[in-house]
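One letter stands for each residue in the lines below.
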Amino acid sequence: MRSAFSPWFSTVPPALALAALALAAVQAQDLKSFEERTTTKVLPNGLTLIVCERHEAPVFSYSTFIDAGDVNDPSGESGLAHMFEHLAFKGTSQIGTKDYAAEKVALTKVEAANDAYEAEYLKAVGRDPQKLADLKKAFVEAEAEAHKFVIPNQFTEVAERNGAEGLNAETGLDNTMYFWSMPENRLELWAWLESSRLADVVPREFYKERDVVIEERRMRTDSNPIGRLVEQFLATAYVAHNYGRSGIGWPSEVGQITATEAMEFHRKYYVGSNIVVAVVGDIKASEALPVLEKYFSRVPAGPRPEEMTTVEPKQFAEKTVVIREATQPIYIEGYHRPSYRDPDDAVYDAISDILSNGRVSRLYRSLVRDQQIAAVVEGFSPFPGDKYPGLYCFFAAPLPGHTPAEMRDAIHKEIDKLKTSDVSDEELAMYKTRTRADLLRGLANNQGLANDLAEYQTRYGDWRELFRQLDRVDKVTKADIRRVANQVFVDSNRTSAWIETAAPAQQAGAAQKEGGAQ
Amino acid sequence: MNPQSPRSFLKASLLFAFCAASLAPFVLHAQQDKPWERIPVPRLHEFKPQQPKRIELKNGIVLFLEEDHELPFVSGSVLIPGGSRDESLSKAGLAGLYSQAWRTSGTAKMNGDQLDDLLEAKAAHIETAGGEDSTSLSWDSLKGDADQVFSLAMDLLLHPKFSVEKLQLAQQQEATGIVRRNDEESEIAERESNKLVYGVNSPYTIQPELATIGAVTVDDLQAWHDRTVGGRLIVSVGGDFDPAAMESKLRAVFEALPPVKPAPARHDAFPGPTPGLFFIQKDDVNQSNVQIVGLGTDRRNPDVPALALMNDTLAGGFASRLFQKVRTELGLAYAVGGGYGFAYDHPATFRVEVLTKSATTVEATKATLAELAGVVSRPFTEEELKRAKDDILNTFLFRYDSREKVLAEQVRLEFYGYPPNYLETYKEALEKVTVADLNAAARKYIHPEKLAVLVVGNGPEIKPGLEELKLGPAHPIDIAIPQPGQPEKKQ
Chain A
364 MRSAFSPWFS
374 TVPPALALAA
384 LALAAVQAQD
394 LKSFEERTTT
404 KVLPNGLTLI
414 VCERHEAPVF
424 SYSTFIDAGD
434 VNDPSGESGL
444 AHMFEHLAFK
454 GTSQIGTKDY
464 AAEKVALTKV
474 EAANDAYEAE
484 YLKAVGRDPQ
494 KLADLKKAFV
504 EAEAEAHKFV
514 IPNQFTEVAE
524 RNGAEGLNAE
534 TGLDNTMYFW
544 SMPENRLELW
554 AWLESSRLAD
564 VVPREFYKER
574 DVVIEERRMR
584 TDSNPIGRLV
594 EQFLATAYVA
604 HNYGRSGIGW
614 PSEVGQITAT
624 EAMEFHRKYY
634 VGSNIVVAVV
644 GDIKASEALP
654 VLEKYFSRVP
664 AGPRPEEMTT
674 VEPKQFAEKT
684 VVIREATQPI
694 YIEGYHRPSY
704 RDPDDAVYDA
714 ISDILSNGRV
724 SRLYRSLVRD
734 QQIAAVVEGF
744 SPFPGDKYPG
754 LYCFFAAPLP
764 GHTPAEMRDA
774 IHKEIDKLKT
784 SDVSDEELAM
794 YKTRTRADLL
804 RGLANNQGLA
814 NDLAEYQTRY
824 GDWRELFRQL
834 DRVDKVTKAD
844 IRRVANQVFV
854 DSNRTSAWIE
864 TAAPAQQAGA
874 AQKEGGAQ
Chain B
259 MNPQSPRSFL
269 KASLLFAFCA
279 ASLAPFVLHA
289 QQDKPWERIP
299 VPRLHEFKPQ
309 QPKRIELKNG
319 IVLFLEEDHE
329 LPFVSGSVLI
339 PGGSRDESLS
349 KAGLAGLYSQ
359 AWRTSGTAKM
369 NGDQLDDLLE
379 AKAAHIETAG
389 GEDSTSLSWD
399 SLKGDADQVF
409 SLAMDLLLHP
419 KFSVEKLQLA
429 QQQEATGIVR
439 RNDEESEIAE
449 RESNKLVYGV
459 NSPYTIQPEL
469 ATIGAVTVDD
479 LQAWHDRTVG
489 GRLIVSVGGD
499 FDPAAMESKL
509 RAVFEALPPV
519 KPAPARHDAF
529 PGPTPGLFFI
539 QKDDVNQSNV
549 QIVGLGTDRR
559 NPDVPALALM
569 NDTLAGGFAS
579 RLFQKVRTEL
589 GLAYAVGGGY
599 GFAYDHPATF
609 RVEVLTKSAT
619 TVEATKATLA
629 ELAGVVSRPF
639 TEEELKRAKD
649 DILNTFLFRY
659 DSREKVLAEQ
669 VRLEFYGYPP
679 NYLETYKEAL
689 EKVTVADLNA
699 AARKYIHPEK
709 LAVLVVGNGP
719 EIKPGLEELK
729 LGPAHPIDIA
739 IPQPGQPEKK
749 Q
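Chains A and B, in that order, give the protein sequences. Under our numbering, the residue at position 187 of the first sequence is numbered 550, and the numbers go up by one with no gaps. Under our numbering, the residue at position 233 of the second sequence is numbered 491, and the numbers go up by one with no gaps.
There could be a bad hint or two in this list.
Restricting the straight-line Cα-Cα distance to at most 25 Å, the calculated cross-link-like pairs of lysine-lysine (DSS-like) are [as the list claims (entries may be wrong)]:
#, chain 1, residue 1, chain 2, residue 2
1, B, Lys306, B, Lys690
2, B, Lys624, B, Lys728
3, A, Lys500, B, Lys721
4, A, Lys571, B, Lys624
Computed Cβ-Cβ distance ranges for the label pairs, DEER-style [stated by the list, open to error]:
#, chain 1, residue 1, chain 2, residue 2, range
5, A, Lys782, B, Lys519, 53 to 61 Å
6, B, Ala631, A, Lys500, 27 to 35 Å
7, B, Asp526, A, Met671, 53 to 61 Å
8, A, Lys395, B, Leu347, 53 to 61 Å
9, A, Gly721, B, Lys367, 51 to 59 Å
10, A, Lys647, B, Arg485, 48 to 56 Å
11, B, Asp405, A, Asn849, 38 to 46 Å
12, B, Asp484, A, Pro763, 29 to 37 Å
The following residues of chain B were derived to be distant from chain A, with all beta-carbon distances above 10 Å [to be verified]:
#, residue
13, Pro298
14, Val320
15, Thr362
16, Thr365
17, Glu442
18, Asn452
19, Asp477
20, Ala514
21, Val562
22, Tyr602
23, Ala631
24, Asn679
25, Leu681
26, Tyr703
27, His733
No wet-lab data here; the hints were simulated from the structure. Just so it is clear, CB atoms sit at the ideal spot from N, CA and C, and this is done for glycine as well.
One chain only, chain A, in its complex shape:
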C-alpha cells in the first residue's frame, strides 16, 4: 500500500503533525470563544433555549429540534411524524383562520365524517358501495365547510413577508427540525410565530395535505429507482426495529392517518422537555432571552416521552434483495452497528474517512482508479439514523459493463484488508486532521451552527460536545479500527440489495398498486 503513495509521502508525517497541532490550538480557542458567546437556558416547561451571538451581518437563523421522528410513529401509522410536520405550517387558532370558534366546530365535523367514511371503507365484509359513496360525499362537504374559515398558507405568508429565507422543515427517522433565517429585527415576530405553532397548532386542511404527502412519496420513493431500492433494503435489514419501516409511510398507512392521530402525536412529543430551540446570529443574549422566554414558555410542559424499547435482535442470517428492472445497476450493503452513544462511534467515522473520503480513499483508489469497475463507491454510517443502532453501509455504482457482484467482491476485499492489517499512520492522522478542519469550516454559517448546537444539546445534553467530540476522535487507534472491523463486518451481519438491469417486460411491477383509503 505504502509504495503506491510515491516518494514524497515520507515527508508527510511532520507536516501532518504541524497541521494537527495548529488545529488543536484553534479548537481550544473556538470552544472558549463559543462559551463566551453562547447562552443556554432551560425554561420551567422543560424547553431548552440556546442563543449564540455571531455579529457578521444583521440576520439570524434558528433551528427547532424535536427529539421525535418517524421512528416514533405508532404501529399502523407509519409516516405520522412527517404528516404532523406538514400540519405545523397550517397555522394556529390566531393565524390562518377567519373565525376560529366556528372553524373548530367545522373541523370536528370533518373528523367525524372521515371516521364514518373510513369505518365503511375498511369493512372486510359487507361494505356497501352506495353507503361508501354517500359517506365520501358527506366528508367532502364537511371539508368544504371547514375550508370557508381558512386563510390558506397565512403562517408561511407572514414569515416570508417578513424576510424568512430558507423556510422549511425536515422529518427524519430520529428527529424533526424546523428552520429558517430572518433579518435580526424580526426576532420577536419569529418567536411569536414559532412558539405559536409549537403550542397551538390547528389541524386544518389535513386531508388535502395528506394527498400532498402521498405525492411526495410517489416522487421520492415509488417513482425513483434508488428510493425503491433503499426502502426494500431497510425493510429487509431490520426485522423488529422501526428503522426498517418506510419513513414517509407505507401507502396504506400514511393514506389513512387522521388529524386526530396527528394531534395525539403532537400532544405526546411536542412537549418542552423534548424540544431544543437554537438561535444563532446578530442578537444579544441579554436582550433576546427574556423575549424568547416569554413566548416559548407557552409550549406545554409534559413528561419526556418514554424511549423506544424495541431492540433489533442480532442478525444471524445473511440477507439479500434483488430488484430486476430496466434501470442501471446499483449495489448497497449494510452491517448492523451500535448507536451514536457507543464508545466506538468515532472509530466508525475513521473507517468511513479512510475508506471513502476523497480521491485518496481506499475504495476510490481501488474500485475507481485502479480496477476501473465503479463510477462511484462509498462506505458510510450510521444509516438510516444514529439515535438507535443503525447500519454501516456501502454504496457503489458500477461502470457500464460491470456488475453488482463485482462491486460486492471488490468491497469485501477492502473490508478484509481492514480486518487483517492495520491502517497506516498517515491515514489515521489524515482522518483526525480533516475532521477538525471540517468542524471549523462549519462554524461560519448561522443555519449550520444552529442545527448543530440544537442537535448536540439534544443528543448529549450539552452543545459543547460539538467541540469535545474531537477528544474521542483523537483517541482512535489503529487497533480500534481493526477490532471494530472484525466485530461488525461479518457475513451473517450483512444485508445486501442491488438492482440488476432487466428488459422492461421482465419488470416485477415496479410501479406498485397504491393502497390507502382514497
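Based on the hints, put chain B in the right spot on chain A.
Chain B alone, transformed into the frame defined by chain A:
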C-alpha cells in the same frame, strides 16, 4: 445520475421535507385580529457589506480580494471563460472531461495522485470544475498552508500535464452518466424540456454521447486549456490573509501573463419551442412529471424586476397562485412551481412544473395551464404586488449576508459585464414596480399558446388520457441512448 455523493443521496432519500425546493407567499381575507402586526419591528442594525478590493491588471485580468478573519482559512478561485456551450457537437462532453482530467492529471512536477496525498493530509483542496459558460480552478486551506497551496494551484493553472489514464477515467465516469441518464424521471423531464425550448443541437442543450466523449483526446484537452486560459480570467481570493502581501503574490503570477484575448461575440439563435404536447413513456413510475416550457429572457431586459415579482405572485412560493391552487386547495401535487427565467447573458427558460399521480395528470396540467391563462383574465392586485415586494425585499439582505456571498456576487457581475452596484439598482427597480407594470409584464410575456407541454409518465395509468388536454396529438420523444457506431438520430 450525479455520481458525486451517494451518501447525501441516500440520506436525502430518507429525509422528508415540507417543500421540494426553496419556494417563496397570499390574499388576505377578513380577519378580526392580527396579533403579529402588534409586534414591534425595530430598525435593522446598520450594515454595509464590505466590498472586495478590485484590481484590473494591464493585461486585462481582474483580481478581487476579500478579507475575512473569522476563521483561519484562505480560499481562492480563477474563473475562466468558455464552457460546454463552446464545445463542438462532434466532441460534446469535452468541457466536462477537461474539468475532471485537469485536476486528476496534475502537473509535470506533481501528478494528480501526489497532489491528492499532499493536500488531503492538510485538509486542503485544489479542484477544477466546468459549467455551461466557464471552467474554474479553486483552492482552499488553513491559513498556515496557504502559500504552499497557492503555489500548487498556480502550477496546475500554468503547467498542467494531461494524462491519457486520467482522461480515460473521466471518460468512464461520463459514460456512466450517459447510460444512466434515463433512469430518473426528473432528469429526463428537465433535459428533454430544455431541448424543446432551445432545440436539439443548441449550445445550451449539447448532449454528450458515448461516441462524442470517445472522440476526445489528450491533445484536445491541452488545446482547450491553452485557448481558454488565455481569456479574461477573474481571480478572487477570500479569507484570513494580509491584503498587501496577497495582492503582490497575485500580481507576481498574473501580471506575467500575456494580454487577454476577448471572447468572440456569440450569435446563438433562440427560436423558442414548437407549441404542442410531447410525451415520454416511463414504465416504472406512478407519478407524471409535467413541464410547461417556453423561452425566458436575460437580466438586461428592463422588465426583469416586474418579472421577478410576477414569478413570486404566480408560481414562486407558498402563497403564489399556483401553489395555493394546485397544492394547497386541490392537493394534486407536492412539487409545483416555476417561473419566467432570466439568465445573465442569454434567454433562460420559462418553466412551470407539476408532479402529480398518473391518474390526475390531465386535471393537474389543466389547473396549472388555467392559472397561467388567468394572469390576463384575473389581473394581479395591489395586495398581491405588495406581498411579493415584501417577500423579495425583506429577504434581499440574504444576497450579501456573508463575505463569501459578496465576493461571489462581484465575480459574477464582472464575468457577465454588469456594473458592481447591480444589486442596489435592481433593488431600487423592484421597489418602483407598479401593479400596472406587473400586469403589463404578465400580458407581454405569458402566452400559454406558445408553450410546449412535456409529460414524462406511465401512459397506461394516465386516465383520462392526454387527449383530454385538447392540445393536439401527443408527440412521442425518443430518448433511446445511441450506441457508438449508430447513425445519429434526427429529432
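Failing hints, ascending? 9, 13, 15, 17
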